[in-house]
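Colleague: Protein chains in written order, with the numbering used here: chain A, 1 to 381; chain B, 1 to 79; chain C, 1 to 439.
Among the hints, a few may not be true.
[Said to hold, decoys possible] Here are some chain B residues pointing at chain C (derived, C-beta under 10 Å):
1) 3
2) 38
3) 49
4) 59
5) 63
Simulated from the structure, these hints should not be mistaken for laboratory data.
Idealized CB from N, CA, C, for every residue including glycine.
Next come the chains, spelled out residue by residue.
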Amino acid sequence: MAFVSSGYNPDKPMENRISDIGPRKYDEFYPEVIKNNKGKWLYHDILEPGILVHVAESGDKIYTIRCGGARLMSTSLINEICDIADKHCDGHLRFTTRNNIEFMVDSEDKVKPLKEDLESRKFAGGSYKFPIGGTGAGITNIVHTQGWIHCHTPATDASGPVKAAMDVLFDDFKSMRLPAHLRVSLACCLNMCGAVHCSDIAILGYHRKPPLLDHEYLDKLCEIPLAIAACPTAAIKPSKVEFKGQEVKSVAVKDDRCMFCGNCYTMCPSMPLADKEGDGIVIMAGGKVSNRISAPKFSKVVVAFLPNEAPRWPQTTTVIKNMVDAYASNANKYERLGEWAERIGWERFFDICELDFTHHLIDDFRDPAYYTWRQTTNFKF
Amino acid sequence: MEQAEAAEMVVEALRKKLKSKSKFYFNDLSKILGMKPRAAKKYVNKMVEDGVLEYWSSGSTSMYGIPGTGKQAAAEHED
Amino acid sequence: MAKHDTPLLDQLESGPWPSFVSDLKQEAEKRAKNEAGHELQIPVDVVDDLLGILELSFKHGKTHWKHGGIVGVFGYGGGVIGRYCDQPELFPGVAHFHTMRIAQPGAKFYTSDYLRQLTDIWDRRGSGITNMHGSTGDIIFIGTTTPQLEEIYYEISHNMNQDLGGSGSNLRTPADCIGQARCEYACYDTQDLCYNLTMEYQDELHRPAFPYKFKFKFDGCPNGCVAAIARSDMSFIGTWKDDIRIDDEAVKAYVGGEFAPNGGAHADGDWGAFDIQKEIIALCPTGCMKYEDGKLEIDNRECTRCMHCINAMPRALRIGKETGCSILCGAKAPILDGAQMGSLVVPFVEVNADDDYQAIKDVIEPLWDWWMEEGKNRERLGETMKRLGFNALLEATGIAPVPQHVQEPRSNPYIFWKEEEVEGGWTRDIDEFRKDHQR
Chain A
1 MAFVSSGYNP DKPMENRISD IGPRKYDEFY PEVIKNNKGK WLYHDILEPG
51 ILVHVAESGD KIYTIRCGGA RLMSTSLINE ICDIADKHCD GHLRFTTRNN
101 IEFMVDSEDK VKPLKEDLES RKFAGGSYKF PIGGTGAGIT NIVHTQGWIH
151 CHTPATDASG PVKAAMDVLF DDFKSMRLPA HLRVSLACCL NMCGAVHCSD
201 IAILGYHRKP PLLDHEYLDK LCEIPLAIAA CPTAAIKPSK VEFKGQEVKS
251 VAVKDDRCMF CGNCYTMCPS MPLADKEGDG IVIMAGGKVS NRISAPKFSK
301 VVVAFLPNEA PRWPQTTTVI KNMVDAYASN ANKYERLGEW AERIGWERFF
351 DICELDFTHH LIDDFRDPAY YTWRQTTNFK F
Chain B
1 MEQAEAAEMV VEALRKKLKS KSKFYFNDLS KILGMKPRAA KKYVNKMVED
51 GVLEYWSSGS TSMYGIPGTG KQAAAEHED
Chain C
1 MAKHDTPLLD QLESGPWPSF VSDLKQEAEK RAKNEAGHEL QIPVDVVDDL
51 LGILELSFKH GKTHWKHGGI VGVFGYGGGV IGRYCDQPEL FPGVAHFHTM
101 RIAQPGAKFY TSDYLRQLTD IWDRRGSGIT NMHGSTGDII FIGTTTPQLE
151 EIYYEISHNM NQDLGGSGSN LRTPADCIGQ ARCEYACYDT QDLCYNLTME
201 YQDELHRPAF PYKFKFKFDG CPNGCVAAIA RSDMSFIGTW KDDIRIDDEA
251 VKAYVGGEFA PNGGAHADGD WGAFDIQKEI IALCPTGCMK YEDGKLEIDN
301 RECTRCMHCI NAMPRALRIG KETGCSILCG AKAPILDGAQ MGSLVVPFVE
351 VNADDDYQAI KDVIEPLWDW WMEEGKNRER LGETMKRLGF NALLEATGIA
401 PVPQHVQEPR SNPYIFWKEE EVEGGWTRDI DEFRKDHQR
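Chain A with its partners taken away, still in its complex shape:
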């Protein structure tokens, strides 16, 4: 493969350089009916799971078909999405915040052929390419992070557990039987670059072993002050270590202060912390971001640890499925999972969801812990 220049001259990087131009302007990409009715929408209806109609003051309508998608996506699949958009939607489409793909058409007669086209497309392995759903009181796509496909500090995979969980939750993606919508998110380590801390159900990767120390190479590959400064709990200090009869500069980790974040590994490749037995999944529940009826809430830890069981994480998906089913049959209409748990009390939540309560679930991390203990005699047996 011969190198093909784009026109960039490495000797003169500033020559003809274009910078600070930002993203393309949003209105270049609006479908015509959006351009004409922006800011003048009257109401919407969900015609069936995954299919919405929005009606404007002008009487114009836009029909949206929402499809789930793996956010890890090849250019082949993106090109196929483009083909569909060209065929049915004058070349327009959009993605949602939760990695769904939305195809929009401007009249009802275009909905059926588009729907049939989308439902007919499957991968060679048999899964749907464009399952329709993810609207209303159901479960939409799981937002997630990179995991083992590309991250250096994950405690679990992302795409794998998400595929496994969505297969298990698929009926609720395709229907709207729940009391309210339910958002599932996954972050593959506690740094949460996909912020899962306000989700109805969060799947969180967690390490449980402090970093290994590669004393032989540590001082050669890393700047020790940076590794020390990277630690959020100040658990790392410089140390001199005997290695093969020689004294070498290295670090020492105060293991009981380590919160397993992997920030030291980011700064210093000689401090890896991944471990097959140590790493796994924390399940959190009851968060939300909407201000509807009650204020936004953080998710709470309901299962302290589940092992990584590639490729299908059966314990994780079973816990989630049981929680969804318990919520579906017990909560009131419009009640989010966290609102339900608060109404019945968390002690009852653990009962109904058949989850064990262990000491790990009582907060002992810094100031906010106190506010989570019970300071009343009102509780349920």
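Add chains B and C to chain A, keeping to what the hints say.
Modeller: Chains B and C only, in chain A's frame:
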């Protein structure tokens, strides 16, 4: 302050600390220059453009250093 | 024929949900065939090796990636994340495998022409694997080599009028909800405000000078579809000041069962007939609504705009006309001291495109000055606020304290009075004191 003077101040201060570390936060630079951060930024941007300084990133945090210094570049086999 | 056996990953090809494994496999085949006749600039078997290394991670229960310090293209301190694999001999195709962040357009509307230009570049110069989209909102190109970074940037900037997104201690690529483009709840034009601020602060986005990352997110209403209140250092959430607009006839239609509540969102549940007393009046968190003699009334002064009644009866109720946004500051994920929601800093501000959103920029810039000066390294705005106190933020931004700022007033009286707040100041004469008090 002239750009050249600012660059000299920064390089001298960073070189002094090279023995222990090669990467510095933006705040360290504005302190060296004795300026408010937004004022210092104009000089620092130019130093990067002139090749006096280079960026380093952990992905979530960014740092600055003198080009070619530090240990990680060798570990990445990029040079 | 696949380059590596992937027995574990193969088990993720079955089941109804779209299989990323099947997708990766089709991409590996496409590259091997190279029917487009591209002069591929990175190894042809890059996707095979990506499958191979992922299979190894599934087997080992551990990642095989290392972080690299590479940051971006020349003059940029963000937009690229360095990645190297720790088994380069086994998987040479992904030995150097950096991420590029491409700034996404508002609300992620696209045309097929635009996306095909992107995929063409990424097929030639990268792995052909993307995230649509990353957590912050960017289009993510996963996997290319160092020499290709400048080439890709040159092509997207010259041929597509397209820039990179943010990473590191920068302003991160701002993100918005669909807003007025297709939503009747949107209280302001999220796309336009997002675009305006993104363009205004390009230098902050590309050249790191903050203590840590900084995120803007724009939600058109309190439903919060982009999770601004939970995820952004500064969130702009649409709201209104006047009355919810009521269409009495449409209310009757909901009560009579002509319209399905909540836009039909509960169609598959066994919830019985719509009951306005139970589902709307009783659930209103402020109790400011009543439905008597076939007429709905709202005491708007007592309404906190939670959106429940509007969500539940979208054809009957509409947001008010005097719209703007609330600004909340300091949200972040739990690391380190625990998660924080955004705290209300500006209860209401007009979102005014005519003066280039000056009122909003007048909040942003003093806030940045304060955080850049006072914030410790790797401290998010919310942590600086917590460490120095909410009053320090109000002082820095010149915003007057109002009861809306707090959930409740403080329950301790330990007020650190300043000298200038106390009549007569703190300098006193001991001899004067002794005139009335013996030793």
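Colleague: So, for every hint listed, does it hold in this structure?
Modeller: How the hints compare with the structure:
Because the smallest distance between the Cβ of residue 3/B and any Cβ of chain C comes to about 15 Å, over 10 Å, the interface hint for this residue is violated. The closest approach between the C-beta of residue 38/B and any C-beta of chain C is roughly 6 Å, which is under the 10 Å cut-off, so the hint is satisfied. Hint status for residue 49/B: holds, given a least beta-carbon distance of 5 Å to chain C, under 10 Å. Because the beta carbon of residue 59/B sits about 5 Å from the nearest beta carbon in chain C, less than 10 Å, this interface hint is met.
Interface restraint check for residue 63/B: the shortest CB-CB distance to chain C comes to about 8 Å, inside 10 Å, so the restraint holds.
Against the hints set out earlier in the document, a violation occurs for number 1 only.
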